[in-house]
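Line by line, the protein sequences are chains A and B. Residues in the first sequence are numbered from 1 upward in steps of one, following the working numbering. Residues in the second sequence are numbered from 1 upward in steps of one, following the working numbering.
Please keep in mind that the hints were generated in silico from the structure rather than gathered at the bench. Careful: at least some of the hints might be erroneous.
[To be verified] Okay, derived cross-link-like pairs now, DSBU-like style, lysine-lysine, Cα gap no bigger than 30 Å in a straight line: (1) A/267 - B/166; (2) A/213 - B/116; (3) A/329 - A/477.
Each chain, written out:
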Amino acid sequence: MAVARITRRVFMEGGLGLTILNLLPFSNFSRAFAQGTPEERVVAAAKTLGPADVTGIIWSPYLVPMKPVIEEFKKQTGIGLGAVQDISIFDTPQRAMAEALSRSPQFDFIHIDSNMIPSLASAGYLEPLDEYMKKANFKIEAVADYANFMTYKGQTYGVPTDGNVHIQYVRRDILEDPDNKKKFADKHGRELKFPETWEEDLAIQETLMDPSKDLYGSGNLRNRANGPTWWYMIFYSAGGFPFDDDMKPTLDTPAGQYAVEIYLRDKKVNHPEAAGWGTAQMIPRIANGHVVSCQYWDGTAKLNENPEKSKTAGKWIYGLVPGSDFSGKRIHRSLSSPLAALLVNKYSPRKAQAAYLALWLGSGKNSIPIVSDPVNTFNDAWAKEHMTAPPVVKSYSEGGIKAIEKNFQVVAPPIYLTGYLEFQDTLGKNLSEAYVGQLPAKDVLKKTENEWNAIIRRIGQRKLKDELASYKAVMPKRDKPA
Amino acid sequence: MAARPPLDTAPKVSLREVSRARAIRRFRLTILVPLIALFVLVLMPVLFLQLYFSFHQWSIYLGSWWDADYVGLNLFTEVLTDPRFGWAILRSLAFATGSTIGCFVIGFALAYLMHKPFRGQALYYVVFILPMLTVPIVVAYTAEMLLYQSGPVNDLISRILGVEFKPAWLTDPNVALPAVTLLEIWNWTPFSFIIMLAGLSAIPKEPIEAAEILGASKWRIFWEVQLPLLRPVIFLALVLRFLEAMAEFPKTWALFQGGPGTATETLPVYIFLTTWQYFEVSKGAAMSYIVMMLMIVIVLLAIQLLRREKRSLDAMYGKAAREAGGEP
């Protein structure tokens with residue numbers, strides 16, 4: 001029997017032939033996973049797993065618009081939704097950490113603020129999604145570098161369902177009123193226009209507010225839970241970053257002090273009860289016309305532009321959040337938090353099914369009806385496809401969606417490290433104390449640094465130092481939108 | 001040495017008495033064994049685990065809990081020197097004391113008005129008990145809607161007083177803790193009311209009738225007859241309410257989450273934040289142990305006081321009975 005001898009030439013020719021064959025349109029090679037739309041590829045990959053009903057933690061306002069999309073996935077793959085625990089996204093981190101603590105397989109996925117990724121991954125709870133994405137040839141097609149928010153130490157751990165980027169809101173009718181223009185010009189010696197810096201925004205708020213008509217300058221949040229989000233926007237835009245390369249806190253710096261000063265000046269222009277208000281109180285005030293200007297989550301634009309629910313439909317100008325010249329150059333920084341994302345439990349027996357369901361919900365096309373729902377407005381636009389999709393544009397208005405796209409280009413996270421909740425609550429507590437007069441402004445950052453040092457010691461300085469690169473990778477690369 | 005009584009003079013125990021004693025023993029065991037089993041199987045492991053965490057520094061981010069480092073009393077020292085913990089204790093004590101006194105005074109007053117039968121009493125009874133049947137979280141959310149600075153409560157008080165009354169109940173750090181204390185009083189006054197009503201109904205009529213015959217005024221009867229007889233019940237109502245108030249969490253959390261600033265950061269809120277926001281499970285365990293010790297001290301003191309009250313009541317009744325019977 002003659003033995004075929006494989007020479008190097010034969011081997012190279014064979015390889016070349018196979019490569020060409022693979023590229024031909026009629027070729028069956030990798031057809032199932034390499035071709036078709038992203039949705040088809042996810043379905044093809046998921047079908048191989050067999051039917052299952054996956055369980056999870058998700059807040060119902062997020063889940064409602066997802067339901068028809070999940071039903072479609074069930075039809076195509078047999079993978080659907082089983083029991084769901086309906087918990088507010090603000091309470092999910094504690095619950096998720098309890099699940100991580102007990103290494104429980106009870107939930108297959110959790111829908112949670114993606115800033116919890118480092119903490120949950122460090123607790124060993126999260127399943128990396130890269131393998132599933134590779135099998136389905138799937139990519140998170142987010143605006144600008146937003147997909148980075150799903151990564152930690154080089155691995156992808158989540159699929160976004162909600163952009164939740166902050167945009168600037170200014171009342172058009174108030175800004176364009178001739179009397180207001182004159183009043184502003186007389187007081188400040190310059191033209192009244194859409195604010196580009198924090199100082200300009202404060203000047204507009206201060207000049208145009210009228211508490212006797214229940215119209216306050218600002219609609220920003222200053223409560224203990226949400227306040228830090230606004231502080232970070234100011235701090236980052238002043239060129240600040242919370243840690244140096246050795247993981248020593250760098251809050252008590254000129255940039256930090258500037259941020260505290262701007263943050264506290266809001267007290268003069270905000271409602272007297274703002275210190276205790278969250279979104280439940282502030283959103284109706286914005287939509288009902290009691291606010292001149294603010295930075296707020298983009299989903300509020302959907303509510304504002306819904307004439308059935310808002311008294312201010314068509315009365316807003318949306319744009320880029322203010323920036324700062326404090327560092328010597330103009331920097332704008334928006335913030336996305338809580339950025340709701342689907343994360344998969346490593347201990348789940350149905351983790352693969354949950355992963356593919358997450359990818360299905362996170363495709364550009366499938367997420368269009370989810371983010372454009374005018375009633376359940378919690379899921380906000382985030383994908384490239386959303387920026388031009390007519391239902392999404394209609395839902396946010398042309399100006400709204402352009403503002404979202406702009407802000408995504410300069411969006412940053414809060415603390416993107418293990419211990420996010422600890423860092424966040426400590427800062428929030430001290431800022432809140434200063435806002436209500438319990439703590440002198442000059443002590444806020446010193447006290448926070450001391451408390452952060454204790455957190456760093458507890459979690460481990462070396463461990464956090466290793467994570468700094470992931471945090472920095474999530475920070476935006478541009479100072480202003482392109 | 002006392003001589004042993006002869007066998008034939010020893011008290012004879014009948015078979016019936018022996019079997020009765022056995023039955024009582026069996027009954028006691030039947031009641032006690034499940035309780036002891038529950039304690040050993042459920043509570044003891046939790047307490048031991050808690051104790052383990054209190055002496056070991058463990059973070060969820062760093063490996064398994066059984067590999068945690070032994071740190072001796074470091075965590076207890078850390079907790080006891082933590083000013084935030086000290087403030088949390090003070091806030092909890094202020095809240096519990098204020099709300100306990102408030103609940104008791106109003107509950108007792110209502111019980112006093114209600115303890116003699118009158119027409120329509122049952123309806124009042126239901127109305128007075130209603131707040132206690134309301135879930136605390138619902139109380140919190142309802143209060144949130146009512147207590148805005150320009151909300152209905154301030155509006156109503158302003159109309160009644162005829163002057164503008166606008167405290168920021170939910171956002172002023174000086175008013176927030178009193179606001180949640182008032183809510184607690186509203187929520188739990190029925191508890192004191194029920195206990196005091198039971199106490200008032202259980203007072204024997206004879207001393208009161210005797211005092212009436214002797215011409216004592218109503219105030220004197222209340223002050224010198226009813227109140228002394230009620231003292232054990234009053235202690236019980238105060239102690240139970242105080243312990244409950246020390247553990248209040250749902251209203252404080254739902255309304256304030258510890259804010260504004262740290263104005264409502266009570267012990268349960270701080271322990272929750274430490275354990276479930278900062279994930280310092282070990283420190284949270286040490287805190288829980290310290291709080292448990294504090295509670296045990298309070299309970300032991302209360303038991304001592306209750307015993308003393310019972311003794312003095314027994315002595316008073318004994319003296320009265322002796323005097324009535326003409327004993328020396």
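Hints versus structure:
no.: 1; hint: A/267 - B/166; verdict: holds (18 Å)
no.: 2; hint: A/213 - B/116; verdict: violated (54 Å)
no.: 3; hint: A/329 - A/477; verdict: holds (14 Å)
Of the numbered hints listed earlier, the single one contradicted by the structure is hint 2.
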